[in-house]
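Participant: Chains as they are written, first to last, in the numbering used here: chain S, 241 to 523; chain W, 9 to 251.
Hints are computed from structural coordinates only; laboratory data are not their basis.
Hints are supplied without guarantee of correctness; some may be wrong.
With a cut-off of at most 25 Å between alpha-carbon atoms, the simulated BS3-like pairs for lysine-lysine come out as follows [to be verified]: (1) S/326 - S/371; (2) W/160 - W/206; (3) S/351 - S/291; (4) W/21 - S/371; (5) S/346 - S/310; (6) S/444 - S/250; (7) W/244 - S/291; (8) W/206 - S/345; (9) S/291 - W/184; (10) S/371 - W/110; (11) W/244 - S/310; (12) W/110 - S/291; (13) W/21 - S/351; (14) S/250 - W/82; (15) S/447 - S/245; (16) S/250 - S/447; (17) S/346 - W/21; (18) S/370 - W/110; (19) S/310 - W/21; (20) S/326 - W/107; (21) S/419 - S/447; (22) S/310 - S/326; (23) S/370 - W/107; (24) W/110 - S/326; (25) S/291 - S/447; (26) W/21 - S/421; (27) W/244 - S/250; (28) S/419 - W/21.
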Amino acid sequence: MLTVKNVTKKYGSFTALEDVNIEFGIGVHALLAPNGAGKTTLMKMLTTLMKPNAGEILYNDENIFLLDDKYRDVLGYLPQSFGFYKGHTVRQFLLYLAALKGLGKKQANEKIDELLANVGLSDAASLRMKKLSGGMLQRVGIAQALLNDPQVLILDEPTAGLDPKERVRFRNMLSELGKTKTVILSTHIVSDVESIASRVILIKNHKLLCNETVQQLCSQLNGKVFERTAAVALHDGEVFLSERQDANGLVNRFVSHSVPADASPVNAGLEDVFLYVYGEEIQ
Amino acid sequence: MNYDIPMPTAEEKNAAVKVILCEAMPPKENVFSLLRELSGVFGLRNLFFGIGDCVYLTVLLTFLLYTAVVAMAKQVLCSAVFTASPFLYLAAWLLVVWKEEKSGMLTLQGVCKYTPVHVSAIRMLCFGGMSLLVDIPVAAIAGVLQAGDFWKLLMLSFCALFLYAVLLLCLLLHCKARFAVSVLPVVWGSLCLLPLLKDYVQCETFLRNLPTYSLVLPVIVFAVLYFVLLNRYVRKEEEYADC
C-alpha cells in the first residue's frame, strides 16, 4: 500500500500540489488531469526523484525516502520522456538498467527476453537505440520499468507515441499487472483508463478533486448528459462537452441539470466527466 | 492424519529469500561494502557504460598534458607536477558529468536500486586509482629527464590529487554535480597558476625546498579525508527530477 499523506510541493512561490492525500492499493490507479495540473510532480515524488515540502509518502507504513533503496527495489518507473546512450543496443541498454536494479546477468538476460517478447520487440534486441521509432522507444521504456518485477509501477503518459494496436496490447498488459501490483498511470487520454482503471484520481487547481471508481464518477453525471443537433444553440445552464458528426450533421453533447425537451439523454462516460470537470481549463 | 502441507513454489521461495536478505542485511555503510555489493552484479562494463568515449578522451588529454609537463617544465617542475596531477581525475569527472546530464539518463538511473551517486562513488575510486597509477611513471620520467627528486615529485602529485578529490567531494556534498565539476577546475587553475604567474621562482623554490617527508603527512590526511567524505557522499540523497 502506497500512501500519500498531506503532501505539498512548491517551486519557489508556485504551489504545484497542495495538501494531497491518496491511498494506492493493488490495482490500476489513473491520474487524470490536463497538462500542468501537477500529475508529473506527484509522480516524481512517488518515485523519490523529488521530495515534498510538506507531508510524507509511505510504502507499507514506512517513509519511502527512509526506505531508500528498499523502496526503489520494488519500484518501476516510466518517465514521460527518457534519455539513453544512442550507440547502445536495446539489450545493452536494458542490461545496464537491470544491473542498476541489482539483477545478475543471467537473470537479467532471461527477464529481458521475456519482456521484449511481451512488448513485441524480440526482433529489435540488437538494434541500436538511435534507430528505434517513438513507439518502439516507448515499448523499451515499458520493458525497463518491469525489469525488476516491481510491486509499484508508475507510468507517466505511457501510451504517448503508441499506435492503436500497441495501445490495446499495453492496456491488456496493465490490466493483468494491476491484478497483483499497484499500478499508477498518469494520462490525459481518457480511453486508456476507462476500461482498466480500478480508481480514477482527478487533480484540479493543484489539489486532489476526487479518487473514485469509473462507475462512481460516471454516476454523478447519469441522467444529465444529452445530445442535440448543433443547429440549436445551447440554452442557459447547459454546459457544452463536445461535438460529433453523425448522419444528420453536427451534434452537440452537453450537461444539463434539467431535462431539455429538444434533446435526447445519453449515458455518461468518463470523457464526459473529464470534459465537465476540466472544460474551462482545456478550452 | 493429512500431512499434505502446501509448499511454496520456486518463485515464492526466491521472493521470500529476497525479502529476508533485504531485511537482514546491514545497510550499505561505506563505500567498500557498496563496492563489494556492486562488483557482484555490476562489473567494469556497466561501471563505464556509455562513458567509454569520455575515458578515452581523458586518457588522451592527460597523456598530452603530462608529456608537455615532463618535456618542458624544467624551471617549474614541482609547481607543474602539483598543478597538473589531478588532471585525469578532473577531466574524467567533467566529461562524465557533462555526458550523463546531456544523455538524460539520470531520471531512469535515479529510480534504480543503485543510484547515480552510488555509481559515481565507485567511479571516483576507479578514476582515483587510475590517477595514482599514472602519477607514478610521470614522477619517475620527470625525475629522470629533468633531474628532479622522484619521491618529492610523487608526494607532490599524490598531495595535489587527494586535495583536489577532497575539494570536489566537499562541493558534491553540498551542490549539484554539474556545478561542482565545472567550478572546481577554474578554482584549482586559478589558485595554482596565479602564484606561478606572479612569482614562479619563489613558488618553485618553496616546493623544491620542502623536505619530502613533510609531504607525507598531508598526503595521509587528504587520503583519509577523501575516504571519509566518499563514505558520506555514498549516503547523499540526491534529487534527479530536474535532470
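Participant: Which of the listed hints are not met by the structure?
Facilitator: 3, 4, 8, 14, 21, 22
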